[in-house]
Every structure is written in C-alpha cells, then in structure tokens.
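Per UniProt numbering, the very first residue in the sequence shown carries number 1; after that it's consecutive.
Hints are computed from structural coordinates only; laboratory data are not their basis. C-beta atoms are modelled at their ideal positions from N, C-alpha and C, and glycine is treated no differently. Check each hint, because a few of them may be wrong.
[Unchecked claim] Taking CB as the label site, the calculated pair distances span:
1. Y96 / E142: 41 to 47 Å
2. A75 / D5: 37 to 43 Å
3. T60 / T35: 16 to 22 Å
4. I31 / K125: 42 to 48 Å
5. A49 / G93: 33 to 39 Å
6. W58 / P22: 36 to 42 Å
[Said to hold, decoys possible] Restricting the straight-line Cα-Cα distance to at most 25 Å, the calculated cross-link-like pairs of lysine to any residue (SDA-like) are:
7. K81 / D102
8. K15 / A45
9. K15 / S151
10. K76 / D115
11. K78 / T100
12. K54 / R66
13. K123 / V65
14. K125 / V65
15. K125 / D105
16. K141 / L116
17. K125 / A61
18. K86 / A74
19. K76 / S62
20. K68 / L149
21. K68 / C109
22. K94 / D105
23. K81 / D30
24. K54 / D104
25. K76 / C109
26. K78 / Y112
27. K56 / R44
28. K68 / A49
29. K123 / R71
30. K81 / D115
31. K56 / P143
32. K68 / V146
33. K125 / A74
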Amino acid sequence: MLFIDSEWQEPVLRKRIPIINPTTEEIIGDIPAATAEDVELAVRAARRALARNKGKDWSTASSAVRAKYMRAIAAKIKERKSQLAKLEVMDCGKPYDEATSDMDDVAGCFEYYADLAEGLDAKQKAPISFPSETFKSHVLKEPIGVVGLISPW
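Required output: the full structure, derived from the provided sequences and hints.
Have a look at this one:
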C-alpha cells in the first residue's frame with residue numbers, strides 16, 4: 001500500500017513487486033509498484049497538505065517543530081529496533097548484529113537532522129555584511145515546496 005493523502009491506498013495499476021529473501025530465495029512479501037500516476041496523486045496531496053490551514057500546519061512551522069517530528073521518528077525506530085532489524089535480515093540477508101547497528105544509524109540520522117533543523121531558527125534573518133554601509137541584507141530560509149524522491153530499490 002502507498003500512504004497518500006493521509007490514507008493507505010493501492011497503487012493505481014495495482015501492480016506489486018515481490019520481496020525475495022536473498023538467503024532462502026523465498027518470497028517474503030511484496031511492495032507496491034508505484035507509477036507516474038501514483039506520484040501525481042501524492043504530489044497533489046502533499047501540495048494540499050502544505051497549504052492546509054494557510055501553511056500553519058507545516059510550511060510555516062518552525063525548525064524546532066520539524067525537529068520534534070524527526071526526534072519522534074528516531075524514538076520509534078529505537079523502540080522497534082529489534083523488529084526492524086529482523087525485517088532487514090530477511091530483506092537483505094545480513095547478520096542480525098549488523099542490522100541492529102543499521103537501525104541505530106537510521107535513528108541517528110533523524111537525530112542529526114533534527115539537531116541541524118533546530119540550528120536553522122537561530123540563523124533565520126542572519127545579517128550578511130557588505131563592504132559598504134549603504135547596503136543591508138539578510139538570509140531568509142523558507143521551504144521551497146513539495147519535493148520528490150525516487151528510491152533505487
């Protein structure tokens with residue numbers, strides 16, 4: 001299922017890609033085969049969500065608010081570390097200890113970017129010095145809008 005517009009949906013063409021355990025070569029599940037049509041649905045939903053409540057829900061949220069979400073994701077990854085590691089073992093055929101270490105890395109990435117996000121608020125409207133006193137400038141960081149990601153697998 002694809003998570004689009006706050007709900008789980010089947011892909012438009014209803015095609016699936018099998019997940020094969022590389023150790024046993026058995027099919028252990030499947031994932032949706034998203035198409036350009038699915039991406040369009042997701043982008044439209046994301047744009048609506050970004051504009052919802054005049055942008056107050058997300059597009060104008062402070063970096064501290066965004067960091068809070070990233071830390072919550074990191075906490076859930078840590079909470080389910082063992083379960084996620086077992087899935088990674090079946091999906092990739094790697095040793096369990098390596099998979100648990102990978103989960104620490106994943107949680108760590110969310111925490112790292114949460115730290116960076118929190119630092120952005122302090123840099124908002126930071127002045128930029130010019131050689132001449134007649135010019136004044138500052139940095140304003142704003143969301144650019146909806147972006148997409150194509151995962152290689």
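Here is what the structure says about each hint:
1. Y96 / E142: 41 to 47 Å: This hint holds: roughly 43 Å between Cβ atoms.
2. A75 / D5: 37 to 43 Å: At 26 Å between Cβs, range violated.
3. T60 / T35: 16 to 22 Å: 32 Å, violated
4. I31 / K125: 42 to 48 Å: This hint holds: roughly 43 Å between Cβ atoms.
5. A49 / G93: 33 to 39 Å: 37 Å, holds
6. W58 / P22: 36 to 42 Å: 38 Å, holds
7. K81 / D102: Given that 25 Å is the threshold and the Cα spacing comes to 9 Å, the pair holds.
8. K15 / A45: 21 Å, holds
9. K15 / S151: The hint holds at about 17 Å.
10. K76 / D115: Within the cut-off at roughly 17 Å; holds.
11. K78 / T100: Distance ~10 Å between K78 and T100 Cα, so the pair holds.
12. K54 / R66: 17 Å, holds
13. K123 / V65: 16 Å, holds
14. K125 / V65: Roughly 18 Å separates the two Cα atoms, so the pair holds.
15. K125 / D105: Since the Cα atoms of K125 and D105 sit roughly 33 Å apart, the hinted pair is violated (cutoff 25 Å).
16. K141 / L116: 13 Å, holds
17. K125 / A61: At roughly 16 Å apart (the allowed maximum being 25 Å), A61 and K125 satisfy the hint.
18. K86 / A74: Cα-Cα ~18 Å, so holds.
19. K76 / S62: At roughly 22 Å apart (the allowed maximum being 25 Å), S62 and K76 satisfy the hint.
20. K68 / L149: 22 Å, holds
21. K68 / C109: 14 Å, holds
22. K94 / D105: Holds - the C-alpha atoms of D105 and K94 are around 15 Å apart, at most 25 Å.
23. K81 / D30: 21 Å, holds
24. K54 / D104: This hinted pair is violated, its Cα atoms lying about 37 Å apart.
25. K76 / C109: Holds, at about 13 Å.
26. K78 / Y112: Between K78 and Y112 the Cα gap is close to 14 Å, so the pair holds against 25 Å.
27. K56 / R44: Roughly 18 Å between the alpha carbons, so the hint for K56 and R44 holds.
28. K68 / A49: Holds, at roughly 18 Å.
29. K123 / R71: This hinted pair holds, its Cα atoms lying about 21 Å apart.
30. K81 / D115: Answer holds: K81 to D115 is near 21 Å, not above 25 Å.
31. K56 / P143: Satisfied, since the Cα-Cα distance of roughly 12 Å is no more than 25 Å.
32. K68 / V146: 20 Å, holds
33. K125 / A74: Distance ~29 Å between K125 and A74 Cα, so the pair is violated.
The structure fails to meet hints 2, 3, 15, 24 and 33 from the earlier list, while all remaining hints are met.
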